[in-house]
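Visitor: Sequential numbering from -17 applies to the sequence shown in the working numbering.
If you are wondering where the hints come from, they were derived from the structure by calculation, not from laboratory data.
Keep in mind the model is a prediction, meaning the values are calculated, not measured.
We put the beta carbon where it would ideally sit given N, CA and C, even for glycine.
Be a bit skeptical, because a hint or two may be false.
[As the list claims (entries may be wrong)] Computed beta-carbon distance windows for the label pairs: (1) Gln181 with Cys292: 34 to 44 Å; (2) Gly230 with Arg210: 25 to 35 Å; (3) Arg210 with Thr66: 13 to 23 Å; (4) Asp19 with Glu65: 38 to 48 Å; (5) Arg149 with Ser110: 16 to 26 Å; (6) Glu65 with Arg210: 26 to 36 Å; (7) Leu3 with Phe112: 35 to 45 Å; (8) Ala16 with Ala152: 15 to 25 Å.
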Amino acid sequence: MNPVSNIEPTVREIFELALKLDEGKVTTYIPELAGVDPDLFALSICGTDGRTLNMGDTGHMFTMQSISKVLSYALVLEYYDDETIMERVGVEATGEDFDSIIKLDHHKRPFNPMVNAGAIAVTDMIISRFKDEALVKSLDLFASVLGKNEVSVDEAVFMSEYRTGERNRAIAHLLKNFSLLDNPVEEVLALYFKHCSVQITTSDLACLGATFSNKGCPASSVRQVLKRETLQKVLSVMLTCGMYNYAGQWVYDVGFPAKSGVSGGVLSMVPDKMGVGVFSPRVDDKGSSPRGVLVNKLLSERLNLHIFAC
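Let the sequences and hints guide you as you build the complete structure.
Guide: Below, the structure written as structure tokens:
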């Protein structure tokens, strides 16, 4: 692919086209997100060589929400073997909403770690492994993969989610009922909601995608922050499950790994080429930003980025 600087005119045109789209609504079931300006829009691209493009409101910080599931899953893959992880969560797409009240596969476990039930099960494993250091270990990994020295939790969003997250509470209690959680429900939910409440920008997301694209090394670096086998597994699940019950259409139309969040963020990566971060607070009924989906679809089409492109 051409250097990032050489694709700027195409990316600028895509940004302007997506800016005209006003579909979706700001998330309101998390009260703290309801007041976000719906017209915010940002797009960042980071190449594996570290060169970047930033357009729109790229200085605006938002919370990772479900994009954090990618990193919590990576953390357990770094410390647990496949057999142990597969006892708690599978890798199959669900065809269900991301917050579906628990539907287990034939192995009596959540279908995958990208839906809420699977991510809560993964969070429990992090607590079992790290105990009182679970949050510190989580944030350390988040920061290293994002290419930052540290990350922080938006406490207002965290408390908003913790106080009102009864649907996730129901999911966690059902997981507990099926012996899929070893730790107290409230302890697991507190860490899960803190993961969701980590603050980022689109530039951070693009850097995260570039780390994935660059075989686990932050852009223009040789420092390995994720094992390659971890990366292979994370990206496989992102490709098949990261966009929830839109995942099949996403692979068909876009064709590279991605993960969305209800705050309006979309993370995507093109292997060996670049990471992409988009933020627009309006989301559709699948929990994804329509602008973010459109940006990635147009990038794929116009730059021939589909992983199966001929």
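Visitor: All hints are to be evaluated individually against the structure, with a verdict given for each.
Guide: Hint-by-hint comparison with the structure:
Remark: the range hint 34 to 44 Å for Gln181 to Cys292 is upheld by a beta-carbon distance near 40 Å. Under the hint 25 to 35 Å, the C-beta atoms of Gly230 and Arg210, about 27 Å apart, fit the expected range. Separated by about 20 Å at the C-beta atoms, Arg210 and Thr66 satisfy the suggested range of 13 to 23 Å. For Asp19 and Glu65, the hinted distance range of 38 to 48 Å is satisfied, since their beta carbons lie about 46 Å from each other.
A C-beta distance of roughly 24 Å is found between Arg149 and Ser110, which places it inside the suggested range of 16 to 26 Å. In this structure the supplied range 26 to 36 Å is violated for Glu65 paired with Arg210, their Cβ-Cβ distance being about 20 Å. For the pair Leu3 and Phe112, the beta carbons lie near 42 Å from each other, so the given range of 35 to 45 Å is met. A C-beta distance of roughly 21 Å is found between Ala16 and Ala152, which places it inside the suggested range of 15 to 25 Å.
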